[in-house]
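Student: These protein sequence lines are chains A and B, in that order. Residue numbering for the first sequence follows the UniProt record's numbering, starting at 1 and increasing by one per position. Residue numbering for the second sequence follows the UniProt record's numbering, starting at 1 and increasing by one per position.
Any given hint could be a false lead.
Note that the list lumps identical chains together, so a pair holds whenever it fits in one copy or between two copies.
[As the list claims (entries may be wrong)] Simulated pairs of lysine-lysine, DSS-like, Cα-Cα distance not exceeding 27 Å: (1) K312 <-> K228; (2) K64 <-> K110; (3) K298 <-> K114; (4) K64 <-> K316.
Derived from the structure by calculation, the hints contain no laboratory data.
There are 2 protein chains.
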Amino acid sequence: MTNYPSLIEIKQAHIRIQPFIHRTPLLTSQAINEIADAELYFKCENFQKVGAFKARGAANAVSKLGEEAKKNGVATHSSGNHAAALARAASVAGIPAYIVMPSNAPEIKKKAVKGYGGKIIECEPTLQARETTLDEVVKETGATFIHPYDNYDVIEGQATCALEMWEEGIAFDALMAPVGGGGLLGGTALTSHYLSPDTKIIAGEPEGADDAFRSFQAKKLIPMQGPKTIADGLLTSLGKLNFEIILKHVDDIVTVSDEEIISAMRLIYERMKIVIEPSCAVPLAALLKNKKHFEDQKVGIILSGGNVDLAKLPFK
Amino acid sequence: MTNYPSLIEIKQAHIRIQPFIHRTPLLTSQAINEIADAELYFKCENFQKVGAFKARGAANAVSKLGEEAKKNGVATHSSGNHAAALARAASVAGIPAYIVMPSNAPEIKKKAVKGYGGKIIECEPTLQARETTLDEVVKETGATFIHPYDNYDVIEGQATCALEMWEEGIAFDALMAPVGGGGLLGGTALTSHYLSPDTKIIAGEPEGADDAFRSFQAKKLIPMQGPKTIADGLLTSLGKLNFEIILKHVDDIVTVSDEEIISAMRLIYERMKIVIEPSCAVPLAALLKNKKHFEDQKVGIILSGGNVDLAKLPFK
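Here chain A stands alone, though its shape is the one from the complex:
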């Protein structure tokens, strides 16, 4: 017995968050299909609210809070998309959000959180400082800590992305997602396990932040030390709850170099004319690196987000 979100719980989450999220399109590109020798379907979470799939998990976690807990608001530490997603979900619910951010977080990320009415608490740029500061905030305010990925309500929310993909009626041979903390990958694997257990679930991971790959191989959680990759959404180490699901329901994790990521990213910009962040290009890079495995298959690829610094695009 586990307490993983069940299929019915994932469906309930989808109904619960529907007023707060976009149903994002599943796009195809004839040009990329020709290059890949496969039939690819891109789930465009770059068009999602706050520009990333994180809107799903945050909306679900906030919506599930009891009335009493809601009064005190929510808190998290994050310098990425979860921070903005949680601030927005809280704002929609009319409750406070306390976001602990490292003092060196990019101004644009702080601006996004403030734009949604989130209260930023700055701390030193170390994991320890983040956690200590968060503990203090939670103690002071009584806010509920919503972890960016190591949280079943969050995983349940992220699982609704694959649910929408399956609702399109396509018999995917494989589904691919990037892996950082493992919320999206875990949710995708769960939904697909229920709806199409034979579909392969394959993650893409940057070589410079390959803790999920190494943990998956070793069958034990090996945290990341000093990650270094252009895919800045995938720097975090895999979560505990996420790792359990991944060990059970994910078929493979493929690592790719930054060069391969940039090349796949360029392909998506040039051929699909859409803006994605580097992390999104990781699964396509993994597919193109292993083209033979996917020949003539129907593959669903989750493009996880589109929040990128336009002044620092890696194209030459």
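Starting from the known structure of chain A, fit chain B onto it as the hints suggest.
Tutor: Chain B alone, transformed into the frame defined by chain A:
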């Protein structure tokens, strides 16, 4: 009496070219609506085949050729999207396309033409050399010259873009398009004149290539000398046939600076997460410059294309 394309001819063109083009989506952005204080609908021709609306006019012109003319193929001089669009339309029809390009045309543009099987004839980078070389090619091959915009079949094809917008059932108060040679603007104005004569048709034009604006004011065609703007798709001077339609059916032409274009372009990248070329951002820039005129209105904006050099995006 004029021999402008009639509504029924535009509808026939739409049916004729449907197998060769995408029906592009009409997207909205809550964030941009809030900034603009209006309800904007973006027709995404950046997702069109060859990455620009030019696919419509070229497909229509090629499809309308008689069997005899088809045998000898088509020819044009262009270094932009029309070159690729004509090469593709000819390739689909199984006929040759002769594209006269200046020797200094970007490698990426030549590659696109070659990719569609077009035959490139290089010439000196002057308008005179282009025209002389084209004359020679036409004399030698018997190919039919398809002008990029000063051609009713091309205008009729571009007019199908607005036709699709009107088919969405939205009561636009205004429709906006960029103006370079005037094919898209002329076609948009014609279709809207037939279907909703009270809708305002407004063009955006770069200050550094403002011949349409000046011609419109003076009511006579004033060709552009030495245009200079980031909107490289709008460098050409207005066509004769196009100008006649524009004088009759366009309500206003608004000029904007390159700075205003870049700022509108950034907004579209950041908020809509889509890739557009600078020319596309000109109408939104024109709207934002004149916000009061559009307050609470429903405005359709044509995003004309997405072929941009990713290594040279103007964001800082």
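Student: Next, verify each hint and record whether it holds.
Tutor: So, going through the hints one by one against the coordinates:
1. K312 <-> K228: Intra 16 Å, inter 26 Å, cutoff 27 Å: intra and inter.
2. K64 <-> K110: within (26 Å within a copy, 56 Å between copies)
3. K298 <-> K114: This pair counts as neither: shortest intra-copy Cα distance 41 Å, inter-copy 30 Å.
4. K64 <-> K316: Neither. Shortest intra-copy (46 Å) and inter-copy (41 Å) distances fail the 27 Å Cα cut-off.
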